[in-house]
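There are 2 protein chains.
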Amino acid sequence: MAASSSLTLSQAILARTATHHDSDPTTDRLSLSTVSLPTFSGLKSSSPSSSLTSRRTTSRRRLNSRHPVRASAAVETLDKTDTSLFEKSVNTIRFLAIDAVEKANSGHPGLPMGCAPMGHILYDEVMKYNPKNPYWFNRDRFVLSAGHGCMLQYALLHLAGYDSVKEEDLKCFRQWGSKTPGHPENFETPGVEVTTGPLGQGLANAVGLALAEKHLAARFNKPDNEIVDHYTYVIVGDGCQMEGISNEACSLAGHWGLGKLIAFYDDNHISIDGDTEISFTEDVGTRFEGLGWHVIWVKNGNTGYDDIRSAIKEAKAVKDKPTLIKVTTTIGFGSPNKANSYSVHGSALGAKEVDATRKNLGWPYEPFHVPEDVKKHWSRHGPKGAALEAEWNAKFAEYEKKYQEEAAELKSIINGELPAGWDKALPTYTPESPADATRNLSQQCLNALAKVLPGLLGGSADLASSNMTLLKMFGDFQKNTPEERNVRFGVREHGMGAICNGIALHSPGLIPYCATFFVFTDYMRAAIRISALCEAGVIYVMTHDSIGLGEDGPTHQPIEHLASFRAMPNILMLRPADGNETAGAYKVAVVNRKRPSILALSRQKLPQLPGTSIEGVEKGGYIISDNSSGNKPDVILIGTGSELEIAAKAADELRKEGKAVRVVSFVSWELFDEQSDAYKESVLPAAVLARVSIEAGSTFGWEKIVGSKGKAIGIDKFGASAPAGKIYKEFGITAEAVIAAAKSIC
Amino acid sequence: MAASSSLTLSQAILARTATHHDSDPTTDRLSLSTVSLPTFSGLKSSSPSSSLTSRRTTSRRRLNSRHPVRASAAVETLDKTDTSLFEKSVNTIRFLAIDAVEKANSGHPGLPMGCAPMGHILYDEVMKYNPKNPYWFNRDRFVLSAGHGCMLQYALLHLAGYDSVKEEDLKCFRQWGSKTPGHPENFETPGVEVTTGPLGQGLANAVGLALAEKHLAARFNKPDNEIVDHYTYVIVGDGCQMEGISNEACSLAGHWGLGKLIAFYDDNHISIDGDTEISFTEDVGTRFEGLGWHVIWVKNGNTGYDDIRSAIKEAKAVKDKPTLIKVTTTIGFGSPNKANSYSVHGSALGAKEVDATRKNLGWPYEPFHVPEDVKKHWSRHGPKGAALEAEWNAKFAEYEKKYQEEAAELKSIINGELPAGWDKALPTYTPESPADATRNLSQQCLNALAKVLPGLLGGSADLASSNMTLLKMFGDFQKNTPEERNVRFGVREHGMGAICNGIALHSPGLIPYCATFFVFTDYMRAAIRISALCEAGVIYVMTHDSIGLGEDGPTHQPIEHLASFRAMPNILMLRPADGNETAGAYKVAVVNRKRPSILALSRQKLPQLPGTSIEGVEKGGYIISDNSSGNKPDVILIGTGSELEIAAKAADELRKEGKAVRVVSFVSWELFDEQSDAYKESVLPAAVLARVSIEAGSTFGWEKIVGSKGKAIGIDKFGASAPAGKIYKEFGITAEAVIAAAKSIC
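Residue numbers (UniProt numbering), protein chains in the order written: chain A, 1 to 746; chain B, 1 to 746.
Since the hints were made in silico from the structure, they are not lab data. Certain hints may be false.
[Stated by the list, open to error] 27 Å max Cα-Cα, derived DSSO-like pairs, lysine-lysine:
hint, chain 1, residue 1, chain 2, residue 2
1, A, K680, B, K704
2, B, K743, A, K704
3, A, K709, B, K729
4, B, K717, A, K587
5, A, K171, B, K729
6, A, K632, B, K704
7, B, K709, A, K619
8, A, K401, A, K384
9, B, K717, A, K594
10, B, K709, A, K680
11, B, K587, A, K717
12, B, K704, A, K619
13, A, K632, B, K709
14, A, K704, B, K680
15, A, K729, B, K726
16, B, K717, A, K704
17, A, K717, B, K594
18, B, K726, A, K103
19, B, K680, B, K632
20, B, K619, A, K704
21, A, K704, B, K709
22, B, K103, A, K709
23, B, K619, A, K709
24, A, K605, B, K103
25, A, K743, B, K709
26, B, K726, A, K166
27, B, K587, A, K619
28, B, K704, A, K717
29, A, K704, B, K632
30, B, K619, A, K717
[As the list claims (entries may be wrong)] Derived list of chain B stretches under chain A, where covered just means 3 residues or more per stretch with a C-beta under 8 Å from a C-beta of chain A:
hint, segment
31, 123-136
32, 174-186
33, 271-283
34, 478-492
35, 703-710
Every residue gets a Cβ at the ideal spot worked out from N, C-alpha and C, and that includes glycine.
Let the hints inform the model, and build the full structure from the sequences given.
Structural data, given as structure tokens:
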């Protein structure tokens, strides 16, 4: 598209927007009507919208019937000012994005330019928030799943009055130490709920946020006091739609009937490689109907402002299903020569095109300028937000008076304070306690914690009976029983992880856990990494943690997984050896609310070992037995998880032969790293070079612990299908191997 | 369900099968008609099938209209024997599965018992194969995506006469060293096409197999000789359907119009956690229609044999779309007390229930017995397969005569022989060659290789213009241009990886490559691991490999990724530093057809360094410069990729100060590990403990290379959003840091 006149081009864009996606002649009349600009007005609920189409499709044919808006509730904060101010305000967003990307010479102007109208309507008319307290509990949540378009969100936060995004922050877009990084980061920018950029994650986070709201509302709301009551809005792009994670999460959202989840699909038909026609021709609306969503199509997302408003209203009226509002927009709207092309997706427009866009949209202002009338228009959100929060605080005071117990529980979820003495609930074990798989011991911990932690909830990716994750005192979180705490994720590991991130970031006191086989962390690794980055203290309960699972074979046997997570920043990789260590791992996991934990747990039975302890686990590595003196053992045997038993057995043998042997449990490398040098020296004295490690996984990284004179026993190839004992023997993960290695070096 | 009479139960199961999924009263009449057992007969194409329903759905309501079968082509090998022999043969499959799982006391009997009819029809009536040559090029491909049900496939391979699965192999199911591991493994069992178990992978592999067929057919078929012509069949379960990867791959299959891909969805309504109602209530058929598939529903997959046959016929008649045949079955069909429950999914039935099932299905035989008439019935597949292959060989001989050039090319794809001197096509560089990003140098290599490697094809997950992966001499592989070689995967990394596994395993000479940002290997890690395990030599072109990508920030900056792949078995992690090393990385990647390679490539420009070479890369680690003598440098500086330049700069400075400094490029740890001890000693002499490594990633694992006296410079936290140079400086990835570290130890 290379029209010489910018006016002609703008019209062409509008026409394209209306027709690009629909070759069905029956809709053309409706679509073309959207070329005339609607007036900027309050929503009239009785007027049918011209280009708003609810999907009632057949498999191959769309029935784009008009239908009246059914809801009677008004969109919250309708604005009665004139269209020109609205458009000026929308253009302010566009130019803040253009100017910031231009100054950084880096970023994605296309999405903010195309999504400015829907973003504006959300933040200015629809959403409930207090810019002076971004963490106000009952705020509506907004997620920009297409995170590369973050300048949209920064511009909106700026206009709405958030202190996190001042003018100088916009000017430092994508610069070292700024509050406006290249993708939205909740840990950098108050007002940003989650961390997005990797596509599809944000949509799944939004499902988690909406789940949390539905759960808490069901648990705490009373007929006379709906103390939990907010919506979750999310903007997703074509890229998010293509990612499998979004299908997983949206299938669950439909299953759970998350009626207060409203997703805007920025249908701009452009992705990095060009027109989505080259790789993305599925019928997204039909797919979402299959997933159990309500689907609405706003055909002109560029200027069909009332259609966007009507769609939101309709979405809110549908209470038993999440809604997808497909909003057809023009990427880079307003840029005469780059709109509707991939060139506007991920690069600065360039000085010449910025000028042309200024002319085209009639924008006479300096870069980063917010016109006074626009500023004034937005300034009401400060007092309004304060009032909303005050009103809610009053409501909470009422609630607290009447429902003391519930209020205390809800408060602890809101502020994240763990109940005093909660850790006393953790089970402890003696060497006489029966041998058991750590996955079973994990279930004992989970069930003990469920009694004392009001925010603990979670589940498994269709392996509850293998991962042992059911909370026996609760039922299933389902569409009609959302107050329950066992979440059934189905075989959707990736969606599960990202949903748990959303739950964790909804409220500091929510402690989500999720489970699958350890090897299938591969399916959800991108979500786990986001947990670590965005400081979401999700607990990953990962069972079947080695060749010890036996017959299922190499597709199911983790090898490199422990190493791969030890290398990941801000995550705790814990591999407990028995009951006390499993309890210790849970203590660590619950305490670390800003650092996710992965618990690698055995399928097979393990003995309760003498010397293990919760306190030991908290130090990451510690001595469980030692017959040496003066911190000078002949050899140090180091094990983790199911192999600690083997180390202990080998030590027994070696001691019989007169050796001074120390056995160290190395349950978490990260925690050990954080100990004092003196403590580390007390466990692994520098002078003792005779060290043997044993772990049924990759030896990669173990040189750091055993040193170049030591020996690392492990597995550096794929596993095998056979009974576990046989594999251990064939792979040399045995006490005999430890003894032989020890003797070779001491 | 706990009926006391097994007859009653069988009937109950039939009734359930017919009605379980459909509460629409309009279909009940049709459904109930399926309770009467159809006769076992050849397919009569004129008779409408009673319980076969093509989906013509509205969004919320199924219109289960009868409709006549439209195809006229006959299913290939219709069997005209009687129903009782067919059922006996089907029951043979069931009991081979039951008996093998029972003997192993481990495995999944439920799927084979439920899917035996469709499996039987496929292997006995429909599929084209030669059991004595499992690698015959033009065979139909079969994938059991629900890999846990592998006893179905083993039983079928056994009956069909494959040498890989003899009776003794069935008796060694899931035992050490057997050909019948716990999930299907192509590298263990000829006749198994791909490695499945991790759910959804197989379906995506099947998309890759079907893509390969469509591509090769378009390239090589002639109007008078369709030398490439086979179908790809896949059985998927509920679990596969829930995984996001399957939606990604199936969206592409629909987009590409892979008409010869036929997927059977074993709709048994049971997953490990129980009824799929608890987490999976989406309308799968509607979703697949949205994805552009043809959808058929066989309501009685237990005994509706003719309906299965008709569905296959209909699927074959639809040539422009892949087909999903939803086959409603009863998991564990025939087990009086465990059918239709999760207890039959993943455990042996137990002696008592095995007896009850024998009684219920009228099976008087010893374990593992194949009745003589069943044996005889299947025995024709030996001669038939041989005839099929001979016929094709004759056809190929004709083809070769007439189309010599094409035949030679196709032959090289079939046998995997690389053309002589292919590696001469790789570009080489001198220090005077212009500085460039390794992603651009990678594109030069890919385009050079495309000219000489007939099997090279691939693309990017919507980042072709960032990953620099377009082959300029070719167009896009699309529905109507399948002969082209640029594959547009969309933003679907996971599906992309698994599709490439399918392509690689289709023919030894196909060399698929695929690309995204290195950090997004997290999205596709499960597929990459399968590449490594199943020996698929996929080339992973992973650009933007460090903080060097700059402003996109920590969500996009890999940190732990190099370490995480170095820890993975059977994979080559390569991080080239410049043009020669990029060419070397490609040489290694192309040569290693049974080991996938990951190339980590820079976004930013890098100089062409003196001393780098293709030969050096082949050794994994090698000296690029050295001013020491006698293999006794004062210090060894070790770098990879973009940091090799920094190491070289630091060396220059240190040498100015009189130090004897060796610089080592450590481009692939795996390849270095495979060198002789003498070579290793020549690069990293044991006596030289002063070693400094520098790499813009996790230091995890580097102790192995630098030793406990050395220093590893790297990044053990998440990245940041800022211009790349700034981040390098702030994170201390600088020549100054290397110099300081070197001075501190030498």
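A quick look at each hint next to the structure:
1. A:K680 to B:K704: 20 Å, holds
2. B:K743 to A:K704: 22 Å, holds
3. A:K709 to B:K729: Measuring from Cα to Cα gives roughly 35 Å; hence the hint is violated.
4. B:K717 to A:K587: 24 Å, holds
5. A:K171 to B:K729: Distance of about 22 Å is within 27 Å: holds.
6. A:K632 to B:K704: The hint holds at about 25 Å.
7. B:K709 to A:K619: 25 Å, holds
8. A:K401 to A:K384: 26 Å, holds
9. B:K717 to A:K594: 14 Å, holds
10. B:K709 to A:K680: 17 Å, holds
11. B:K587 to A:K717: Answer holds: K587 (chain B) to K717 (chain A) is near 24 Å, not above 27 Å.
12. B:K704 to A:K619: 25 Å, holds
13. A:K632 to B:K709: 21 Å, holds
14. A:K704 to B:K680: 20 Å, holds
15. A:K729 to B:K726: With a Cα-Cα distance of about 52 Å, the restraint between K729 (chain A) and K726 (chain B) is violated, given a limit of 27 Å.
16. B:K717 to A:K704: 18 Å, holds
17. A:K717 to B:K594: Given pair K717 (chain A), K594 (chain B) holds - Cα atoms ~14 Å apart, limit 27 Å.
18. B:K726 to A:K103: Satisfied, since the Cα-Cα distance of roughly 16 Å is no more than 27 Å.
19. B:K680 to B:K632: Roughly 14 Å between the alpha carbons, so the hint for K680 (chain B) and K632 (chain B) holds.
20. B:K619 to A:K704: 25 Å, holds
21. A:K704 to B:K709: Given pair K704 (chain A), K709 (chain B) holds - Cα atoms ~11 Å apart, limit 27 Å.
22. B:K103 to A:K709: Roughly 46 Å separates the two Cα atoms, so the pair is violated.
23. B:K619 to A:K709: 25 Å, holds
24. A:K605 to B:K103: Holds: K605 (chain A) and K103 (chain B) sit about 22 Å apart, inside 27 Å.
25. A:K743 to B:K709: 25 Å, holds
26. B:K726 to A:K166: Measuring from Cα to Cα gives roughly 23 Å; hence the hint holds.
27. B:K587 to A:K619: Not OK: K587 (chain B) and K619 (chain A) at ~47 Å, beyond 27 Å, violated.
28. B:K704 to A:K717: It holds: about 18 Å lies between the C-alpha atoms, which stays within 27 Å.
29. A:K704 to B:K632: 25 Å, holds
30. B:K619 to A:K717: 21 Å, holds
31. 123-136: Check failed, 0 qualifying residues.
32. 174-186: With 9 residues closer than 8 Å to chain A, the segment 174-186 of chain B meets the three-residue bar; holds.
33. 271-283: Three-residue rule met by the segment 271-283 of chain B, so holds; n is 10.
34. 478-492: Three-residue rule met by the segment 478-492 of chain B, so holds; n is 6.
35. 703-710: holds (count 4)
Hint violations for this structure: numbers 3, 15, 22, 27, 31, all remaining hints satisfied.
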